[in-house]
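Using the sequences and the accompanying hints, generate a full structural model.
Residues per chain are reported as follows:
Protein chains: 2
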Amino acid sequence: MSTKGLDYESLNENVKNTQYAIRGELYLRALELQAQGKEIILTNVGNPHALGQKPITFPRQVVALCQAPFLMDDPNVGVLFPADAIARAKHYLSMTSGGLGAYCNGGGLLGIRKEVAEFIEKRDGYPSDPELIYLTDGASKGVMQILQTIIRGQGDGILVPVPQYPLYSAATSLFGGSLVPYYLEETANWGLDIQNLHQSVSEASAKGITVRAMVIINPGNPTGQCLSESSLKEILQFCNQENLVLLGDEVYQQNVYQEERPFISAKKVLMDMGPPMSKQVQLVSFHSVSKGYWGECGQRGGYFELTNIPPQTIDEIYKIASISLTNCTGQIFLGIMVNPPKPGDISYDGFLRESNAILGSLGKRARIMTKGFNSCRNVVCNSTEGAMYSFPQIRLPPKAVEAAKRAGKVPDVFYCLKLLEATGISTVPGSGFGQKDGVFHLRTTILAAEEDMHGIMASLKKFNDEFMEQYEDTTEAILGLNE
Amino acid sequence: MSTKGLDYESLNENVKNTQYAIRGELYLRALELQAQGKEIILTNVGNPHALGQKPITFPRQVVALCQAPFLMDDPNVGVLFPADAIARAKHYLSMTSGGLGAYCNGGGLLGIRKEVAEFIEKRDGYPSDPELIYLTDGASKGVMQILQTIIRGQGDGILVPVPQYPLYSAATSLFGGSLVPYYLEETANWGLDIQNLHQSVSEASAKGITVRAMVIINPGNPTGQCLSESSLKEILQFCNQENLVLLGDEVYQQNVYQEERPFISAKKVLMDMGPPMSKQVQLVSFHSVSKGYWGECGQRGGYFELTNIPPQTIDEIYKIASISLTNCTGQIFLGIMVNPPKPGDISYDGFLRESNAILGSLGKRARIMTKGFNSCRNVVCNSTEGAMYSFPQIRLPPKAVEAAKRAGKVPDVFYCLKLLEATGISTVPGSGFGQKDGVFHLRTTILAAEEDMHGIMASLKKFNDEFMEQYEDTTEAILGLNE
Chain A
1 MSTKGLDYES LNENVKNTQY AIRGELYLRA LELQAQGKEI ILTNVGNPHA
51 LGQKPITFPR QVVALCQAPF LMDDPNVGVL FPADAIARAK HYLSMTSGGL
101 GAYCNGGGLL GIRKEVAEFI EKRDGYPSDP ELIYLTDGAS KGVMQILQTI
151 IRGQGDGILV PVPQYPLYSA ATSLFGGSLV PYYLEETANW GLDIQNLHQS
201 VSEASAKGIT VRAMVIINPG NPTGQCLSES SLKEILQFCN QENLVLLGDE
251 VYQQNVYQEE RPFISAKKVL MDMGPPMSKQ VQLVSFHSVS KGYWGECGQR
301 GGYFELTNIP PQTIDEIYKI ASISLTNCTG QIFLGIMVNP PKPGDISYDG
351 FLRESNAILG SLGKRARIMT KGFNSCRNVV CNSTEGAMYS FPQIRLPPKA
401 VEAAKRAGKV PDVFYCLKLL EATGISTVPG SGFGQKDGVF HLRTTILAAE
451 EDMHGIMASL KKFNDEFMEQ YEDTTEAILG LNE
Chain B
1001 MSTKGLDYES LNENVKNTQY AIRGELYLRA LELQAQGKEI ILTNVGNPHA
1051 LGQKPITFPR QVVALCQAPF LMDDPNVGVL FPADAIARAK HYLSMTSGGL
1101 GAYCNGGGLL GIRKEVAEFI EKRDGYPSDP ELIYLTDGAS KGVMQILQTI
1151 IRGQGDGILV PVPQYPLYSA ATSLFGGSLV PYYLEETANW GLDIQNLHQS
1201 VSEASAKGIT VRAMVIINPG NPTGQCLSES SLKEILQFCN QENLVLLGDE
1251 VYQQNVYQEE RPFISAKKVL MDMGPPMSKQ VQLVSFHSVS KGYWGECGQR
1301 GGYFELTNIP PQTIDEIYKI ASISLTNCTG QIFLGIMVNP PKPGDISYDG
1351 FLRESNAILG SLGKRARIMT KGFNSCRNVV CNSTEGAMYS FPQIRLPPKA
1401 VEAAKRAGKV PDVFYCLKLL EATGISTVPG SGFGQKDGVF HLRTTILAAE
1451 EDMHGIMASL KKFNDEFMEQ YEDTTEAILG LNE
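So the protein lines, in turn, are chains A and B.
The first sequence runs 1 to 483 under the working numbering.
The second sequence runs 1001 to 1483 under the working numbering.
Think of the hints as simulated: they come from the structure by calculation, not from any bench.
Derived DSS-like pairs: lysine-lysine, alpha-carbon spacing no greater than 30 angstroms straight-line: (1) K114(A) to K1016(B); (2) K1418(B) to K319(A); (3) K16(A) to K1207(B); (4) K405(A) to K1319(B); (5) K1016(B) to K16(A); (6) K1279(B) to K16(A); (7) K114(A) to K268(A); (8) K1409(B) to K1436(B); (9) K319(A) to K1207(B); (10) K1319(B) to K16(A); (11) K1016(B) to K207(A); (12) K90(A) to K1090(B); (13) K418(A) to K405(A); (14) K38(A) to K1319(B); (15) K1436(B) to K319(A); (16) K1114(B) to K16(A); (17) K364(A) to K342(A); (18) K1090(B) to K38(A); (19) K1319(B) to K54(A); (20) K319(A) to K1409(B); (21) K319(A) to K1405(B); (22) K1319(B) to K207(A); (23) K90(A) to K1054(B); (24) K1090(B) to K54(A); (25) K1038(B) to K90(A).
A few chain B positions that, by computed beta-carbon distances, are all more than 10 angstroms from chain A: (26) R1029; (27) D1084; (28) Y1126; (29) P1130; (30) E1185; (31) A1188; (32) A1204; (33) S1230; (34) P1275; (35) G1344; (36) I1346; (37) L1352; (38) E1402; (39) D1437; (40) H1454.
In this text the structure is predicted, and so the values were computed from the model without any measurement.
C-beta atoms are modelled at their ideal positions from N, C-alpha and C, and glycine is treated no differently.
Below, the structure written as structure tokens:
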């Protein structure tokens, strides 16, 4: 009997070939241990609310009122809601064709697209056109739509940083394209070397792959670096020379914890470069309410902005966006994120207090973590300049690598599993993000509660230093007594 | 200079070949006229809230509280919210890992998947497994995911009813598959003829296309029919013989306006048939909060249930769903839709009153519309048994067809444009849904306000009868005086 449409053997090979380590061995083991009653610290996903971060109050008030507009007809509404939240809810409802229950059109609510454009203009000092802004269910839906639009088959390559957030490799495989990695330089604070980029393109070309787009993640995930203006310039020149679309994942633009290298958008750098470059390089920039310091991951709000994209292509993007429309609630969050309460508004002080508390604490936690990792034997860790991750390099002794092999594990998986068993700290092995051969990392988020952070790092150091002692070339390790 | 990645010439051909008439000529002209100040009745999209339908209160209260859980710490919360809405909000929040701002996992919130399973069990009288239910951003995201999983290339065909809701043709093109149409029989109340189905499969096969799945829309969009138990049995037997996955679009299951042919799910009929059939046919059933009588389109809540799908395939479905997660708010709406207030609950009476008012009015409007169309010269219209559309056949006289040709228009587009200009009624020409050659239709929704419905139908009849008089074979038409 022949196979059926949803038998595994007959599925779309691109679906099967897609790698997405969200349910990797580490995560599954963490869930098992949790079910057995062990206390697990889930630092594996950038999901702040799941680690106890409270939502910012004002946007939640506005969205609650938008969802239940009949509350605003109740004379008692002021008992529970401030006047500026009520005014803002009316403002957003007036943009809809029938409240949050009505479909928004393919690009999202025009009023909110205008607010996003104003935010971008203010941020970059250059005009932004609401018609070139598309509101999406989180940044990831937008990334997937753009990659689907670009990729025609295996001959199309997408340049993706390594280490990288696995969305890009997953979406490239899913749409049948080829991943073309470029390595970030750990010793150069995760910067990139343009020579390497050219080489990646040539190597791909030799294999019959035409690179058509390049992804940058700024600030970096999992690497935490902020790209300098000069790096961004080099990248844009490179894209111009090689005729590549630049996909700028800028979802961590509000998560920056140092002043030396503030966030600069790819669009601003491109516009600063002036014509002909500023009119030539095709750029798609992504942002989201999931990241930033709001961490509203479950709301699925995001946008992309199109720069130098021809109108005929925009019609195609609109058409595909129209097939499956974006949720309205996420759009409201996005509107408030780009247009927060202003000085003088009733909710301003509270909003500022909440925002500063979260951002300040994230900065402190980032520093505790970097310092903690660097105090560990055989561990080196760049600073988390931005985003919400720490990505230390774990210099595993040869004996540990051998022990991992004997256990049938990738060495960093071996280390992370032992860390999990010993301490309950659930991390993601660096191999899930891609890394150079023989170099090992892990990723943790900086999201555990601030008051727990010193304890977590002490527990991690104790485990690590014992692990290193066990596997370093001492008599014990040679005799293999402690395995 | 070579083309860039987002130049139109170099885009993914599947994207370009995808047809989605959402911004068709009719809609654009309606917007133009609206901008010029003409009153337009937008009956072109099934978007109830945009036509003034008020949201049902209870789910909106629950979602508002889930979004602003701090309200429940306020002693005054009872001033604005009933106790059962508060209890329900706590119930759903307890299912999340950190409220609506935390990511839900790939399948959606397990607690809500359990409520969906209970709903299905109660509806069909057969067990349903929460692990086989996936919560999605509206039904359309689920349809797209399943089609992407099935389709490997142009050699894979999807059997789609004609006339059909264009999601299916669009998604099939987008993922590079081949659309294999089967015609619904207007004279048999839009029923289907199994002989035709076999023929469609053979014809496809002769062209090198293997049909791998079949779509049914029950109740029908745009055709409004409810499939009988015997039709569903025939369809399931056909899918079994031909080794097809059945995709059951059942998003209108709560929109049924007659008692002769109630909604029956494909899953119930399959289970009723018993083994071996009930263990063999691969079925994916879709439902949504956008349709039903709630009409919460903008919230993007939906689910699909997998029946007889192998575990390895389910792992693949989970993996792909994990790349881009579902919004939480839509999941809460779905939970309440499948588990509404019960007799004895504080909100029960109000919920029932609102529900009955909407459903009762939709039924009345459906009848007014069918009757109105059938009173028009050269128009015949099947009853809207379910869903939210009317799909009359417009028997255009040969002179009207010729006039359309001279104007460079498809004949039904010609008629609908003239209708729009004369009356402000914005419809969708039948050609947008596919139809047999030389047969013309239009689709309207039954969603205009009940009090306006008689006026709309009178205005439509006046236009239609004058149009027919103009183009029928009278001296005037022969002389072409009135064109």
